[in-house]
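*Asks:* Note that the sequence shown covers residues 1 to 405 in my numbering.
Incorrect hints may appear among the rest.
[As the list claims (entries may be wrong)] Simulated crosslink set (DSS-like; lysine-lysine; CA at most 25 Å straight-line):
1. Lys-391 - Lys-209
2. Lys-4 - Lys-209
3. Lys-208 - Lys-391
4. Lys-276 - Lys-133
5. Lys-133 - Lys-267
6. Lys-35 - Lys-129
7. Lys-208 - Lys-133
8. Lys-129 - Lys-238
9. Lys-390 - Lys-276
10. Lys-388 - Lys-276
[To be verified] Cβ pair distances, simulated, as ranges:
11. Asn-297 - Pro-364: 12 to 20 Å
12. Glu-270 - Glu-327: 21 to 29 Å
13. Gly-375 - Met-1: 43 to 51 Å
14. Val-97 - Gly-177: 22 to 30 Å
15. Ser-123 - Leu-94: 31 to 39 Å
16. Leu-94 - Leu-386: 45 to 53 Å
17. Lys-276 - Gly-91: 42 to 50 Å
18. Leu-295 - Phe-230: 18 to 26 Å
Because the hints were derived from the structure by calculation, they are not lab data. Ideal placement from N, C-alpha and C gives every residue a C-beta, glycine not left out.
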Amino acid sequence: MREKMNRNISVYYRFKFSQNMLIIGPVLVPYMLFKGLSYSEMMLLQSISAVAVVLFEVPTGSIADRVSRKFSLTISSVIMAFGLSLYIFCGSFLAFVLAELLFGLGMTFSSGADSAILYESLSRMEREKEYSKIEAKAMSNIFVGQAVGSIASGLLYSVSPYIPFWISLGMLFLSSGYSLFFTEPDHGERSRESYLVHVARSFGDAVKKPRVRWALYFSALMGVMLRASFWLYEPYFKLVRLDIALYGVVFAGFNVVCALSSRYLMKLFENVRPRKSLTLLGLLMGGAYLIPLILLNVGSLAFLALGQIVRAIYQPIMRFYINRQIEDAFRATIISIVSLTASLSFAVFSPLIGLGLDEVGAIPVYLVMGLVSVGGSLFLWRVRNLQKRKKAAADRESAPEETVS
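Could you build the full structure based on these sequences and the hints that come with them?
*Replies:* Laid out in structure tokens, this is it:
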């Protein structure tokens, strides 16, 4: 069994790489403009996608807990592929809505299951502490691939807007094939309760534990700040008059920053408490919005890369933080609940961001995003300190009672 668990690690690298090797990123906004969408419609689509994630996140996480992680990962890539194919073959807004719903459903099947199967495989070999390092290495591989893919995407888009989408579609089907090579870890704690009881207990566990509850708050903040940043690059590129032919080159540079951050910066955070690391990332995200406003030229694109550092190491740190707080029986479901919180937050605020871009422009939107990111991170740092003080006070009050008894 140890050999099979060790093989899961190498399969995980291949699965994660192929499922995330979608080279449409640099050309997605131009492609949607090419299809006739406005910024408001684009952000509305992203809100719909986030709502789909909210609706499907916990049910699919429960399937991973109660049925099979492996099944969830396989079906994930297949559904995502069908969603992406609608972007190729269709051109109406309603078709894109269906595409986002399918893509969101597919993403939810893997969002908790991939982390769970990796952590449990390591746990069976007593190597849990390697989780963040392996997750970071997997992300680094993705970012290197996307750096190359970003340059190719811009060039291929100039030949035909559809070529990057066809290549990405092929990678999704490849990832579904890789998922078949996973070996399901033994689950001594697999939940046998009914679906509703399982979900209710998972929610109860998440809310009851202060650390997980804090992670939910922080996930809600970063769900907006981090995910919205992708859609805010293109308006900034226009502000500094960056030629569209260079979009792929800039995104390639962003992915190189991500790759280096995943591989090397993670080492700096190994001995730092996850909560401190996450707060620092929140402040860094604020800088990625605010500093470019001061310079407002092509050179300021380098400061947008601060957000790429966050993109690279936020997920490994957050998932390691959560995995340490929960048990196997509810692992995928609770991870899904945290992801659900991020998606719900993005679903609520993304239409407002799109409306802001159309009505007042990129500069005010960047300013608000930066201030909220910095202020929210500092506020949540304070919240966690209050949680710790409250627990310490409760422990002191209970100590005399225990002595008397």
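*Asks:* What hint numbers does the structure not satisfy?
*Replies:* 2, 6, 7, 8 and 15
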